[in-house]
Amino acid sequence: MTREEVLKNLKNRFKDDIIEVFDKSSNRVYIDIKPGSLVSVATYVFNDLEARFNIATGVDVRYHMEILYHFTFEDLNLLISFRVKLPKDKLEIESLTSVFEGADWIEREMHELLGIDFKGHPDLRRLLLSEEWPEGVYPLRCDYKEWDEKAIRDRGV
Amino acid sequence: MSFKLKALLRSPWVFHLSTGSCNNCDIEVLDCLTPRFDIERFGMLLAGSIKHADVLLVTGSCNRKSVERMKRLYEQAPRPCLVVAIGECALSRGMFMHSYNCPVPLDKIIPVDVYIPGCPPKPEAIIAGVVKLIEKVKSKK
Amino acid sequence: MIYVFYFFFFGFLLTAVIGLLASWIDRKVTARVQYRVGPPVLQPVIDIIKLLGKETLVPAGASKTTFLAAPLFGLASVMMVSTLLWMNNIMTGHSFIGDLIVVIYLLTIPSISIIMGGFASANPLASVGASREMKLVLGYELPFVLAVLVPVIKSGYSLRISNILGFQALNGVVVGSLSGVLALVVTIMCVQAKLALVPFDMPEAETEISGGALIEYSGSALAVYRLMKNMLLFVLPFFLIIIFMGGLRFDGIHLLYGALKYIGLVALITVIRNTNPRVRIDQAVKFFWGPMTAIAVIAVVLALMGK
Numbered sequence: 001m002t003r004e005e006v007l008k009n010l011k012n013r014f015k016d017d018i019i020e021v022f023d024k025s026s027n028r029v030y031i032d033i034k035p036g037s038l039v040s041v042a043t044y045v046f047n048d049l050e051a052r053f054n055i056a057t058g059v060d061v062r063y064h065m066e067i068l069y070h071f072t073f074e075d076l077n078l079l080i081s082f083r084v085k086l087p088k089d090k091l092e093i094e095s096l097t098s099v100f101e102g103a104d105w106i107e108r109e110m111h112e113l114l115g116i117d118f119k120g121h122p123d124l125r126r127l128l129l130s131e132e133w134p135e136g137v138y139p140l141r142c143d144y145k146e147w148d149e150k151a152i153r154d155r156g157v
Numbered sequence: 001m002s003f004k005l006k007a008l009l010r011s012p013w014v015f016h017l018s019t020g021s022c023n024n025c026d027i028e029v030l031d032c033l034t035p036r037f038d039i040e041r042f043g044m045l046l047a048g049s050i051k052h053a054d055v056l057l058v059t060g061s062c063n064r065k066s067v068e069r070m071k072r073l074y075e076q077a078p079r080p081c082l083v084v085a086i087g088e089c090a091l092s093r094g095m096f097m098h099s100y101n102c103p104v105p106l107d108k109i110i111p112v113d114v115y116i117p118g119c120p121p122k123p124e125a126i127i128a129g130v131v132k133l134i135e136k137v138k139s140k141k
Numbered sequence: 001m002i003y004v005f006y007f008f009f010f011g012f013l014l015t016a017v018i019g020l021l022a023s024w025i026d027r028k029v030t031a032r033v034q035y036r037v038g039p040p041v042l043q044p045v046i047d048i049i050k051l052l053g054k055e056t057l058v059p060a061g062a063s064k065t066t067f068l069a070a071p072l073f074g075l076a077s078v079m080m081v082s083t084l085l086w087m088n089n090i091m092t093g094h095s096f097i098g099d100l101i102v103v104i105y106l107l108t109i110p111s112i113s114i115i116m117g118g119f120a121s122a123n124p125l126a127s128v129g130a131s132r133e134m135k136l137v138l139g140y141e142l143p144f145v146l147a148v149l150v151p152v153i154k155s156g157y158s159l160r161i162s163n164i165l166g167f168q169a170l171n172g173v174v175v176g177s178l179s180g181v182l183a184l185v186v187t188i189m190c191v192q193a194k195l196a197l198v199p200f201d202m203p204e205a206e207t208e209i210s211g212g213a214l215i216e217y218s219g220s221a222l223a224v225y226r227l228m229k230n231m232l233l234f235v236l237p238f239f240l241i242i243i244f245m246g247g248l249r250f251d252g253i254h255l256l257y258g259a260l261k262y263i264g265l266v267a268l269i270t271v272i273r274n275t276n277p278r279v280r281i282d283q284a285v286k287f288f289w290g291p292m293t294a295i296a297v298i299a300v301v302l303a304l305m306g307k
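Chains as they are written, first to last, in the numbering used here: chain A, 1 to 157; chain B, 1 to 141; chain C, 1 to 307.
Since the hints were made in silico from the structure, they are not lab data. Heads up, some of the hints might be wrong.
Here are the simulated DSS-like cross-link-like pairs (lysine-lysine), alpha carbons at most 30 Å apart as the crow flies [to be verified]:
no., chain 1, residue 1, chain 2, residue 2
1, A, Lys8, A, Lys85
2, A, Lys119, B, Lys65
3, A, Lys150, B, Lys108
4, B, Lys108, B, Lys138
5, B, Lys4, C, Lys28
6, B, Lys132, B, Lys4
7, B, Lys108, B, Lys136
8, C, Lys64, B, Lys4
9, B, Lys65, A, Lys150
10, A, Lys24, A, Lys85
11, B, Lys108, A, Lys145
12, B, Lys71, C, Lys64
13, B, Lys4, B, Lys136
14, C, Lys28, B, Lys6
15, B, Lys4, B, Lys140
16, B, Lys65, A, Lys145
17, B, Lys122, B, Lys132
18, B, Lys138, C, Lys28
19, A, Lys88, A, Lys119
20, B, Lys122, C, Lys28
21, B, Lys122, B, Lys108
22, A, Lys145, B, Lys71
23, B, Lys122, B, Lys6
24, A, Lys150, B, Lys71
25, C, Lys28, B, Lys132
Source: prediction; values computed, not measured.
Work out the full structure: start from the sequences and follow the hints.
In structure tokens, the structure reads:
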């Protein structure tokens, strides 16, 4: 399959799920999709098109949050990122662990650093933060405030 | 100067401890053991276990998770033990000063004897720093 | 009275001095082979003095007596072996039947003391190192004993070291015959494993299991272990020289020959150490029970046939 065939397949099959396609360069495409259709798109791309799930990125863009899922097509030298926009008052999305296991730890990391809830994840516990970190404080959000009184934030000179 | 300390300065065994660094300083420390900047001529050997260590070479800005492990390791090193902080992250957390995961700099946790600045410091700078450490210990006691 | 003198002067002092010097030769040759400058001459002595000045920490769950007594156990056995060998070399009237068997038995005790020390520290990495040492001992003891049978057979089936030395003084060294050469090759590989040097240093792998059996040792106990290893670096080649190459004589030109024999063996051990990677424990045991035992059996058969 060539690059154009892949994009045409995706556009035809998910006509009403895709919001926008941004064809940035020959090896980089951003596709915005609706949050509800994430699992069906990921299943199609992973099983039928046989792409590799690279990583997922969570971003706090001041008035909403975005998650990008990066899939690579190695023979075509192509990386497609599916962008999902989540409103700040309802930060939840379905987990991709039912499709492939590689989403397990990255969703744990996004949950503890950004506060996104993944429905259907088998084991959503702490991955990177230490035990003394309080619950409900998410460091990578825009409105994160320092909670630790004993922290030293100047060089002392 | 006491006999114990004289023997310690002529055969310091180094232990390399990384508390969450980007590994650049670790590569430079490992460079010192290669034939070009050979430190075995000063009697320094790389110690495998913390209980064989005389000098702790600490790199990296201290994460919350690695602080507890580093405190435990420092307590297990048999005295007399010297601590050397290598690289900007170990001196004052460098560019991670305002990071959420690095609350305190290294010298508020364990006492440090010599600071070697640089990002990363060249092997010549590391050897110069260790020589300054030896001279400091000799002149103080 | 003469035995006490022999024990302290020859058994401990002379062995320690020559052993530390041999350890320096080993480190300097290694450094030169790797194109660096090595440590100064007194470095092994300063290492041991420095270790005596550090505090000795005993881990909380360890059995304290075994932990602290294991290095002394090994050091005592090395001193006894050295005394026996020196007495046989210098005054050949004081040996007894079966002292070859006593020497072989006492030479396994340093490895046993490392195993004891490794299991007495309450550390899983130390247990891994100690269990590797156990498997290694099971591996190399068989070809070692078979190869030591060759000088016994050649000198008329006697188990006295002084008889072996006497036979070699009259009929030429054991290593001059084909079976002697094969047996010497086998014992040199077994000595490499006894000293825990590369390629058989997996009981004390430095960065793999951070120190292996000696991970919890610090201060004086570690100093005693290092002294034991350095003394073994003298005692084991000395044992090989006595039973294969006719011992050391101290008159005239034979002093130079003796020094060359010893330095040659140490240099061979260092060269093997520098040109080989570390092998796994199953590869090491297969090596000792496979090719080495086969060569040792061939050497015994050749010795029985008289070659």
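message = Output the indices of the hints that this structure fails to meet, ascending.
response = Violated: none.
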